[in-house]
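Q: Here's the letter readout for the chains.
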Amino acid sequence: MWQTGPILRALWRNKAGALLVIIQMALTLAIVSNALTIIDERETMMNRPTGMADKELFSLTAYPSVKAPLDKGKVAYDLDRLRQLPGVIEATLINQIPMSGSGSSSGFRIGEAENDPDAQNTGANIYHASTTVLSALGLKLTKGRDFQPSDLYVWGGMGQADAPVAIISQRLANELYPDQDPIGKTITRGNGQMEIIGVVETMLGAWPEWSRAGNVVITPTFSTNTLLPRYLIRVQADRKAELMEQVRDLLLEIDPNRVILSMRTTEEYIHRVYSRDILMVALLKVCIAILALITALGITGLTVFWVNQRRKQVGTRRALGATKAAVVRHFLVENGLLCGVAMVVGTGLALALNGLLVQHYQLPPLPLPYLLGSLAALVVLGQLSALAPALKAAQISPATATRSV
Amino acid sequence: MFAYYFRLAWLSIRKTPMMSALMVLAIAVGVGVAMTTLTLQYMMSKNPLAHKNEVLYSVQLDAWDPDQPAMNTTTHMPDLLTYQDASALLRSDIPLRQAAMHRFGGAVQVPDSEVPAHLADARVTGRDFFGMFDVPFLYGGPWSASADMEAVYQLVLGRALNDRLFNGDNSVGRTLMLDGKAFTVVGVIDHWELTPKVYDVTNGPLNDVEELFMPFGLHRALEISTWGNTNGWSEEEQNSYEDFLNSESTWLQYWVELPDAEARARYQQFLAGYIEQQQAQDRFQNKREHKYALSTPEQWLAINRVVSNDTKVLSLLSLAFLLVCVVNTVALLLAKFLRKAPEAGVRRALGASRGAIFAQHLIESGCIGLLGGALGIGLALLGLTGLDRLIPGQVDKVAQMDWLMLLAAVGLAILASLLAGLYPAWRIGRTNPAHYLKTQ
Chain A
1 MWQTGPILRA LWRNKAGALL VIIQMALTLA IVSNALTIID ERETMMNRPT GMADKELFSL
61 TAYPSVKAPL DKGKVAYDLD RLRQLPGVIE ATLINQIPMS GSGSSSGFRI GEAENDPDAQ
121 NTGANIYHAS TTVLSALGLK LTKGRDFQPS DLYVWGGMGQ ADAPVAIISQ RLANELYPDQ
181 DPIGKTITRG NGQMEIIGVV ETMLGAWPEW SRAGNVVITP TFSTNTLLPR YLIRVQADRK
241 AELMEQVRDL LLEIDPNRVI LSMRTTEEYI HRVYSRDILM VALLKVCIAI LALITALGIT
301 GLTVFWVNQR RKQVGTRRAL GATKAAVVRH FLVENGLLCG VAMVVGTGLA LALNGLLVQH
361 YQLPPLPLPY LLGSLAALVV LGQLSALAPA LKAAQISPAT ATRSV
Chain B
1001 MFAYYFRLAW LSIRKTPMMS ALMVLAIAVG VGVAMTTLTL QYMMSKNPLA HKNEVLYSVQ
1061 LDAWDPDQPA MNTTTHMPDL LTYQDASALL RSDIPLRQAA MHRFGGAVQV PDSEVPAHLA
1121 DARVTGRDFF GMFDVPFLYG GPWSASADME AVYQLVLGRA LNDRLFNGDN SVGRTLMLDG
1181 KAFTVVGVID HWELTPKVYD VTNGPLNDVE ELFMPFGLHR ALEISTWGNT NGWSEEEQNS
1241 YEDFLNSEST WLQYWVELPD AEARARYQQF LAGYIEQQQA QDRFQNKREH KYALSTPEQW
1301 LAINRVVSND TKVLSLLSLA FLLVCVVNTV ALLLAKFLRK APEAGVRRAL GASRGAIFAQ
1361 HLIESGCIGL LGGALGIGLA LLGLTGLDRL IPGQVDKVAQ MDWLMLLAAV GLAILASLLA
1421 GLYPAWRIGR TNPAHYLKTQ
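One line per chain: the protein sequences are A and B, in this order. The first sequence begins at 1 in our numbering and counts up one residue at a time. The second sequence begins at 1001 in our numbering and counts up one residue at a time.
Watch out, some of these pointers could steer you wrong.
To be verified - DSSO-like mimics (lysine-lysine), calculated; alpha carbons at most 27 Å apart, straight line:
| hint | chain 1 | residue 1 | chain 2 | residue 2 |
| --- | --- | --- | --- | --- |
| 1 | A | LYS72 | B | LYS1181 |
| 2 | B | LYS1340 | A | LYS312 |
| 3 | A | LYS74 | B | LYS1181 |
| 4 | A | LYS392 | B | LYS1015 |
| 5 | A | LYS312 | B | LYS1015 |
In case anyone wonders, no lab produced these hints; they're calculated from the structure.
Build out the structure end to end from the sequences listed, making use of the hints.
A: Shown next, in the form of structure tokens:
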């Protein structure tokens, strides 16, 4: 029924062509399965929630034309006026823009034990912001309480100073106080201690590719030494563009001497911070698409050639009683056999290439589903590519057999 | 003879337009993808200071935590220096040139000018910076030597900022307000780019060169802090700017120019001596093997992994991709040439040598390669433009081909197609004339 014997013998006589198709399909399998693995790794990373209301946020720097200590009253006035703009949900002063790729981090320890070598110690991003920061960023409080206006700590000295209270991310809480309720506990930074009053579900922080991304400490601190006063403003998403203009105008109206800088949406920052991954994913996707196309066209082209080469034999078989379906089946089985060999060779190649990438470039190992998926896709691709020429072959008239021998 | 083969090739290509188009497309796409990624890799791995690679060195000192090495560098030393170490090193007279530096910025405005205030990217550095990195001056020159040690309100403008603030005039001697302080312009540099930005890869190897430069001696007068990384490990109190300067925080790049091996040896000795002297004061207490490092620009780019793994992986995959395209073309060419076997048989019977048939078909594949190469360059340029659009302002400096890459693209295309044509041309060259004469 499948006539694998004659087909195999025919292929053997045309070794070079068959071998080339096998090599091409095997290489395609190796590249595609590894590219898919990389794409999946990057997309999983990029799709992690930031914890914030990304679509509703933009930020800016209100840079004073003359350097002077930041005035708490003036900032409060700015923020009040901003909140009065229709469409503005909340606004905050903040020392670093989340997801901007720029920020500060510190080591944090549990408890007050300054020299306890056994104390848990880890790194986290540290944010100094207004007391409205949680609702301004759209962070979700899961334990404890939000900041109150009376929590604000004003600091005019040098170096780092934090408010006595802090809200931390769940990820940091898990690391410092596993299996304990962190509320009311203390974390230590340098010589200063902060009491944890709340926990937010997620906040990715400044550098999403950092191994400790998601470890975040937020304190309601106003530092008069802030060199670059940054505002983060949350607005109705559909009015963002229009409100960005209004906010700029309003801030310049309040103080025409300052310079409004780096006005960007959080979505822009996210795009920037992942730019290398976006580039990688895009290039790999284009590669996969073109590769599939080239391989498909190659198989079609070769099958067309083989059909033309064997017009007489096909005609003879038809004249001897073979049905059209049998002719189509012949070419599809032929393609399937090539595919089968290519899959075996290709699996080996894919694993070898993956081994190389894992060893030298710290890439993830190839998961089995991706390999199997790529294998299945290759079979479908091969059969589809051979189908059109095979159908054409079925149209070859049995009379061909009788023409010029 | 060549012209005749070219005509035959052209006729053959026109006879099978679909198949030829397919082959041209395969080569074009292979070359296009490979050249897109190879261009990125090539431009990233360029060393713009190659001509000074033997004399310029980035200095690292391991003033880090005695108990834990600094993370994230291959050398396990901090990339940056503390202010106290930088100022101490500046006192050495061994290097021909040397400069400590960091990124900074401020609002600039020309008094009584209509041009609105502009926040400019700045580099705080020493006067030797300009000589070390071959910075070309359009007007004036660097600031006075004393400005490296004491507060002198002078600055050097980049050409673009000079165009913006002074309409491109010679602004030497003019006054400029920076964060409300008056500075005198002493020099304007000509258009200057350094890709990758070797002297400060910490802040981004593809960042633009700063718009203005200001002297290192201004730190205390202006209480300048960095617009770049500050890394610390020591839990020390910092209650004043002076505390910050004397702290163990690292935030300064440091480069020296050592003209010969002798100067290099003397400088290494100086560094070892400095570390010993500091150890007496309870610093550099770690038990690690290396306490300092001098790296050439080339080493510095490698240590900081300026060519990322991603770029390398993409180059590797795109070469594999090109291989698929070549294999594809081999298969198609083989099919095509074998179909033309009768024609070759007749030519052989009429006296053409095997070599002649081989040459004729190799030229035909070469022609396909040329067409594919030309199209491939177009595709690569399109690809690079696409990347620039995809992530604006992040790859603009490396997503462009220079003439060397264009040549490489043509070469790659021809090589690929000749490689593809070799076996099919050989096969057809072996055609047995008798066989085809019989059936004709």
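Q: Now look at each hint and say whether the structure bears it out.
A: Quick rundown of the hints versus the structure:
1. A:LYS72 / B:LYS1181: Given that 27 Å is the threshold and the Cα spacing comes to 24 Å, the pair holds.
2. B:LYS1340 / A:LYS312: Distance ~17 Å between LYS1340 of chain B and LYS312 of chain A Cα, so the pair holds.
3. A:LYS74 / B:LYS1181: holds, 23 Å
4. A:LYS392 / B:LYS1015: holds, 21 Å
5. A:LYS312 / B:LYS1015: holds, 22 Å
No hint from the list above goes unmet by this structure.
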